[in-house]
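Asker: Using the sequences and the accompanying hints, generate a full structural model.
Quick mapping for you: the protein sequence lines, in order, are chains A, B, C, D, E, F, G, H, I and J.
The first sequence begins at 1 in UniProt numbering and counts up one residue at a time.
The second sequence begins at 1 in UniProt numbering and counts up one residue at a time.
The third sequence begins at 1 in UniProt numbering and counts up one residue at a time.
The fourth sequence begins at 1 in UniProt numbering and counts up one residue at a time.
The fifth sequence begins at 1 in UniProt numbering and counts up one residue at a time.
The sixth sequence begins at 1 in UniProt numbering and counts up one residue at a time.
The seventh sequence begins at 1 in UniProt numbering and counts up one residue at a time.
The eighth sequence begins at 1 in UniProt numbering and counts up one residue at a time.
The ninth sequence begins at 1 in UniProt numbering and counts up one residue at a time.
The tenth sequence begins at 1 in UniProt numbering and counts up one residue at a time.
Derived from the structure by calculation, the hints contain no laboratory data.
Don't take every hint at face value.
Calculated cross-link-like contacts (lysine-lysine; reagent style DSSO-like; alpha-carbon spacing at most 27 Å) [unchecked claim]:
#  : chain 1 : residue 1 : chain 2 : residue 2
1  : G       : K132      : I       : K137
2  : I       : K56       : E       : K18
3  : I       : K148      : F       : K18
4  : J       : K18       : I       : K132
5  : I       : K56       : E       : K21
6  : C       : K148      : A       : K137
7  : H       : K137      : G       : K132
8  : E       : K56       : C       : K21
9  : C       : K148      : B       : K137
10 : E       : K56       : D       : K148
11 : I       : K132      : H       : K148
12 : F       : K137      : E       : K148
13 : F       : K132      : C       : K137
14 : I       : K148      : J       : K18
15 : G       : K137      : H       : K137
16 : J       : K18       : F       : K56
17 : B       : K132      : A       : K137
18 : D       : K148      : C       : K132
Only a predicted model underlies this, so the values are computations on that prediction, with no experimental measurement involved.
Protein chains: 10
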Amino acid sequence: MPDTYDRLEAGRAIVAAKDAKGMSWQQLADALERSLVWTTSALLGQQPLSAEQAQKVGGVLGLEDDVVVALSLPPVRGESALDPTEPVTYRLQEALQVYGTALHELIREEFGDGIMSAIDFSLEFEREPDPKGDRVKLTWSGKFLPYKVW
Amino acid sequence: MPDTYDRLEAGRAIVAAKDAKGMSWQQLADALERSLVWTTSALLGQQPLSAEQAQKVGGVLGLEDDVVVALSLPPVRGESALDPTEPVTYRLQEALQVYGTALHELIREEFGDGIMSAIDFSLEFEREPDPKGDRVKLTWSGKFLPYKVW
Amino acid sequence: MPDTYDRLEAGRAIVAAKDAKGMSWQQLADALERSLVWTTSALLGQQPLSAEQAQKVGGVLGLEDDVVVALSLPPVRGESALDPTEPVTYRLQEALQVYGTALHELIREEFGDGIMSAIDFSLEFEREPDPKGDRVKLTWSGKFLPYKVW
Amino acid sequence: MPDTYDRLEAGRAIVAAKDAKGMSWQQLADALERSLVWTTSALLGQQPLSAEQAQKVGGVLGLEDDVVVALSLPPVRGESALDPTEPVTYRLQEALQVYGTALHELIREEFGDGIMSAIDFSLEFEREPDPKGDRVKLTWSGKFLPYKVW
Amino acid sequence: MPDTYDRLEAGRAIVAAKDAKGMSWQQLADALERSLVWTTSALLGQQPLSAEQAQKVGGVLGLEDDVVVALSLPPVRGESALDPTEPVTYRLQEALQVYGTALHELIREEFGDGIMSAIDFSLEFEREPDPKGDRVKLTWSGKFLPYKVW
Amino acid sequence: MPDTYDRLEAGRAIVAAKDAKGMSWQQLADALERSLVWTTSALLGQQPLSAEQAQKVGGVLGLEDDVVVALSLPPVRGESALDPTEPVTYRLQEALQVYGTALHELIREEFGDGIMSAIDFSLEFEREPDPKGDRVKLTWSGKFLPYKVW
Amino acid sequence: MPDTYDRLEAGRAIVAAKDAKGMSWQQLADALERSLVWTTSALLGQQPLSAEQAQKVGGVLGLEDDVVVALSLPPVRGESALDPTEPVTYRLQEALQVYGTALHELIREEFGDGIMSAIDFSLEFEREPDPKGDRVKLTWSGKFLPYKVW
Amino acid sequence: MPDTYDRLEAGRAIVAAKDAKGMSWQQLADALERSLVWTTSALLGQQPLSAEQAQKVGGVLGLEDDVVVALSLPPVRGESALDPTEPVTYRLQEALQVYGTALHELIREEFGDGIMSAIDFSLEFEREPDPKGDRVKLTWSGKFLPYKVW
Amino acid sequence: MPDTYDRLEAGRAIVAAKDAKGMSWQQLADALERSLVWTTSALLGQQPLSAEQAQKVGGVLGLEDDVVVALSLPPVRGESALDPTEPVTYRLQEALQVYGTALHELIREEFGDGIMSAIDFSLEFEREPDPKGDRVKLTWSGKFLPYKVW
Amino acid sequence: MPDTYDRLEAGRAIVAAKDAKGMSWQQLADALERSLVWTTSALLGQQPLSAEQAQKVGGVLGLEDDVVVALSLPPVRGESALDPTEPVTYRLQEALQVYGTALHELIREEFGDGIMSAIDFSLEFEREPDPKGDRVKLTWSGKFLPYKVW
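Answerer: Structure below.
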């Protein structure tokens with residue numbers, strides 16, 4: 001099965017094609033009529049795409065057929081999808097390391113015994129202008145799910 | 001040096017005292033005149049506290065002296081501070097696993113080569129009412145820092 | 001803070017007291033008016049117990065006060081709670097290793113893109129009589145949660 | 001030996017062919033006259049298939065010869081078969097992490113010193129309709145095996 | 001709960017007492033009316049002992065009460081029980097590393113798809129006299145268990 | 001150097017050819033005039049084979065030349081040779097985990113300070129008929145080597 | 001996607017071409033009008049290069065087109081970029097192991113709670129002549145970033 | 001041997017005493033007539049101190065005798081001395097991750113096959129004033145050691 | 001069982017007593033009538049000592065009784081005995097990393113298929129005077145053991 | 001960049017060619033006018049070779065051009081170069097595990113605070129005839145390097 005694309009390789013082909021075409025992720029999100037973060041995540045391989053969605057992206061970016069076919073394979077969500085030591089990723093995880101127990105306690109106090117869902121979950125990415133240097137703003141929204149007691 | 005408290009043990013003593021007193025993290029944040037998340041994180045051991053801040057918390061919660069002394073030790077920020085397999089923590093990290101490469105690409109497109117700071121950083125915790133079940137809302141704000149080219 | 005009990009140590013003290021008293025987990029479940037598996041899991045440290053529940057268990061088993069206090073500390077759910085190489089635990093995980101991808105595919109086919117919740121979840125333990133040797137029967141029931149698309 | 005299929009790659013080819021044909025795992029199970037979970041697990045590579053079974057599946061799905069040959073290679077059951085950090089798999093393992101020690105104690109109390117077999121074992125997958133959201137129901141049945149004392 | 005013995009510590013106390021008394025493992029096995037390897041394994045903490053068995057051993061070796069109590073705690077069988085890099089242990093594992101795939105294939109050919117049980121299992125230890133240097137002889141006997149097909 | 005066989009790949013080619021020819025490991029052992037376990041281990045890649053031995057095996061199984069050449073490469077004995085989580089292998093290692101410290105103590109008592117050799121070592125594989133289900137019998141024989149004191 | 005170059009492979013092609021041409025890293029730095037360390041790091045794959053910069057390097061070194069194209073792919077900065085056990089790398093990390101806590105304390109005393117940036121950061125490499133043997137001199141300069149308190 | 005201090009615990013006691021006395025690391029360096037970084041590293045446990053040096057530090061900081069005794073134990077230099085995930089430490093290591101292969105190549109080009117010593121090594125810590133925010137400046141100087149060819 | 005010494009702690013007590021008495025390892029070796037390296041290794045916990053040998057060392061160094069008793073416990077030889085990242089240890093292992101495959105090939109060529117024993121093994125430590133700086137000289141001597149073929 | 005040789009693959013090609021030609025490592029060392037161990041290590045990929053040295057080896061062994069080119073690539077010295085669980089390698093490391101702390105202490109006593117260099121280092125391999133079985137003799141010689149104090 002060598003020489004076929006998997007979802008992660010298809011994602012890299014999309015980055016290359018998008019850079020070559022000078023398109024933005026927002027334009028691709030508009031083409032799919034989905035949000036910016038979901039679309040980017042889907043095209044990089046972490047969300048499922050239907051054959052139609054794959055065709056639509058393939059048309060916009062002029063992708064070769066093998067890439068289009070790969071886009072509707074099941075998503076790849078485990079640890080193989082990213083390198084935790086890459087500097088951007090690392091800082092996101094570092095923030096969790098510093099604030100994780102606080103978030104745990106705050107959820108326990110406010111909601112009781114349970115978790116913030118990573119499935120019924122959305123994430124917004126924004127540029128926050130700031131005279132001391134613009135900021136990355138991420139808004140996480142996850143449903144609280146209480147542990148079942150039975 | 002057994003039988004003295006370190007920052008993490010002092011944090012556990014605070015959770016116990018706070019539960020016994022029926023106080024909220026917000027009340028402790030008000031006592032310190034700091035934000036909710038920062039205060040919780042500091043009392044659990046991840047931010048520095050001055051001797052005065054330690055005294056103030058000690059007074060409000062009726063902590064024993066050894067705990068108060070421990071509160072102004074340097075903060076503990078590395079991996080010893082939390083267990084990544086604990087279910088609440090895990091889902092926060094899973095969200096990064098699913099959306100991490102997307103955030104990386106979006107930062108690269110919008111800001112260029114650089115990172116979102118985890119130091120010039122703040123985090124807000126809110127309860128987002130929702131008829132289908134209330135949600136945990138986290139707002140991350142980190143300064144974009146471009147890689148220096150020289 | 002040495003010489004106090006944490007949740008896991010309190011769990012070991014309960015096992016010892018229960019064996020000494022010759023009581024069953026079902027009797028403890030009845031005392032708490034909860035199911036068998038949830039109760040066992042709670043008393044071993046993986047579910048929260050209120051102060052009243054802790055008192056009730058303490059009374060039934062004649063536990064010392066330090067253990068009773070420890071029982072209402074927050075639950076311990078991360079990897080520190082069990083040794084994956086212990087033979088009983090290992091076989092449970094081995095079954096997942098053998099059938100995990102099949103379950104993943106079957107969930108994807110039947111329900112679509114999503115997960116089986118481990119939070120809105122219950123587990124029943126039964127002895128299944130069998131002439132060729134009795135069997136352990138476990139019934140897992142977890143709510144299907146679809147990935148949010150937005 | 002590149003360019004030949006191994007069992008895991010053959011499994012991926014089956015998923016692709018099955019999706020293209022719009023067939024279900026139950027239809028494949030019917031073709032093999034085996035249960036749903038066993039069949040899915042076998043076709044994904046974790047159970048042995050005879051040459052006849054491989055031919056039968058190949059005929060139904062229109063697989064190329066190389067895939068059919070690979071289907072009767074010995075099964076692949078170790079850790080290379082799945083990624084424990086993939087979200088569906090993770091939650092199954094998390095449930096074991098939360099309930100593992102409880103199951104261990106319950107087996108010890110009910111059956112004595114021994115294990116639940118992962119070999120003389122079967123697993124049923126069902127959709128459990130529920131007005132609050134349908135549930136995944138898994139029924140595990142494993143023979144109790146007592147430790148030999150000699 | 002410090003200052004009480006667990007099974008592994010009780011095992012170390014037994015080694016010390018046995019050395020001081022100049023007794024052999026065989027004598028202890030005779031006292032328990034069990035085989036040599038099972039008894040040694042049990043006294044070191046890997047098999048369950050009843051209160052009577054614990055008393056019997058305590059009497060023979062003159063153990064203090066705390067050790068006797070600890071001997072009837074549940075056995076400890078996971079990886080915490082031994083250090084795989086210790087030279088004796090290492091060589092046993094190295095033999096598996098060299099012959100493991102061969103044993104796997106031979107079991108597959110001779111018995112079919114299944115395993116050699118480590119539960120319905122016994123192990124004999126013998127000194128094999130040899131003019132070129134005496135040998136350690138280990139006889140493993142484990143029931144073959146076929147994978148269930150359903 | 002791709003597209004050539006290494007010892008492990010040659011071993012997999014032998015399994016395939018042997019299955020296709022319907023030959024047994026014992027027949028291959030007879031061809032090489034070596035014992036059953038040693039031969040299986042050698043053909044799977046863990047023992048050295050001379051060019052003549054490789055030719056002999058190649059003739060019997062009708063192997064292609066590239067495989068025959070690979071058979072006289074140096075053996076591969078490290079951890080890359082097997083997956084410790086594969087169920088058959090796992091149970092062999094589990095037995096060591098349960099009985100390892102006992103074997104260590106028994107060797108220390110019977111022979112003194114030293115090890116059981118994994119080099120001057122042989123291993124026999126037998127089917128042990130048993131009315132309650134046949135058993136796998138393994139006989140390990142390794143020379144005792146005392147630690148040198150100087 | 002095999003047979004295309006990634007950034008690390010492009011870096012290895014540059015080392016080979018540079019050695020063949022007998023050019024120095026300083027000459028390449030001059031061609032790019034960047035500093036010595038930044039340029040070396042960029043050409044080995046850890047900094048972004050524009051298409052023009054890639055062309056310029058390609059011209060100077062006579063690289064094939066595939067390598068030039070790969071040079072403007074996103075940089076690779078995670079742990080896959082270097083082997084920490086390689087002797088040169090190891091000693092750099094060993095120095096951090098020996099002096100890391102000291103640097104942490106000195107930063108805390110001199111600057112307060114915060115970090116030395118690895119983003120707004122530069123590094124100079126010099127040969128320091130010394131009669132007892134020349135020395136490698138590295139000058140690290142990173143902006144101090146105070147933890148935000150809010 | 002509990003209740004005695006080891007070098008790392010002695011280091012923590014020094015940090016506490018120094019903070020309480022309001023002294024600086026430079027004052028302690030002056031007392032020992034050593035450089036700033038070496039002294040800090042030594043007092044935190046990574047360099048050897050003679051009994052006289054220990055006495056001198058003990059006198060200046062008013063340490064208890066047990067701490068003074070511990071200060072002349074052998075230094076602790078392995079990985080137990082620091083947590084690589086602590087944010088300050090992490091960024092130092094991240095810089096090596098980004099620039100490590102570049103430094104390796106530059107050393108190879110300038111000096112030939114060899115390493116930069118971490119033993120015949122010194123490190124200077126300075127505050128570098130900068131209108132855009134002061135910087136941490138570290139100057140590493142290590143002797144080049146060529147690989148011996150024989 | 002806290003507050004008793006194990007072999008490693010007894011080793012640390014010996015280092016402290018030896019330093020306080022100003023004795024050398026050679027003097028202790030002379031007292032035991034064993035070689036220098038063996039004696040040092042034994043006193044640090046990696047070789048067995050008889051009760052008489054323990055008494056002799058205890059007398060010479062004036063050790064307390066608890067340490068003397070601990071000296072005749074079984075030796076501790078696994079990975080818990082040393083930290084591979086400690087700089088002295090690291091360099092010894094680095095030499096194996098650089099020369100390990102060469103030694104493997106040279107043994108294979110000179111002796112055939114087998115190993116150099118680490119049991120029938122001795123090690124000499126010498127100071128090798130050298131005008132360019134004295135050298136550490138280690139002479140390893142291990143019996144060649146051929147793999148048994150059967 | 002597939003289908004080219006790296007240093008480790010070139011080393012494997014040399015082993016194959018040398019075995020086919022029936023040459024010894026000593027003959028190759030003589031051709032390069034270097035010592036036996038250094039030469040073997042260099043040809044297996046752990047030392048640098050000049051283009052002339054590569055040519056000389058290529059001529060003697062009749063290597064193909066691609067291998068000759070690969071021989072003058074930079075050496076590969078990190079952990080990817082060997083498998084620590086391979087039996088020959090393991091025993092070398094086991095000896096360090098047993099004697100490592102002793103060597104550390106002996107160096108500290110004899111030379112003071114410092115290390116034995118693995119760079120200014122040589123290693124001799126000899127066969128030591130012995131009536132009880134010939135021995136492998138390795139002589140390590142590394143310059144002592146004292147930690148710099150400044």
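Asker: For every hint, state whether the structure bears it out.
Answerer: Consistency of the hints with the structure:
no.	hint	verdict
1	G/K132 to I/K137	holds (24 Å)
2	I/K56 to E/K18	holds (23 Å)
3	I/K148 to F/K18	holds (26 Å)
4	J/K18 to I/K132	violated (38 Å)
5	I/K56 to E/K21	holds (22 Å)
6	C/K148 to A/K137	holds (21 Å)
7	H/K137 to G/K132	holds (26 Å)
8	E/K56 to C/K21	holds (22 Å)
9	C/K148 to B/K137	holds (15 Å)
10	E/K56 to D/K148	holds (21 Å)
11	I/K132 to H/K148	holds (13 Å)
12	F/K137 to E/K148	holds (22 Å)
13	F/K132 to C/K137	holds (24 Å)
14	I/K148 to J/K18	holds (26 Å)
15	G/K137 to H/K137	holds (13 Å)
16	J/K18 to F/K56	holds (23 Å)
17	B/K132 to A/K137	holds (26 Å)
18	D/K148 to C/K132	holds (17 Å)
Hint 4 alone, counting from the list given before, is not met by this structure.
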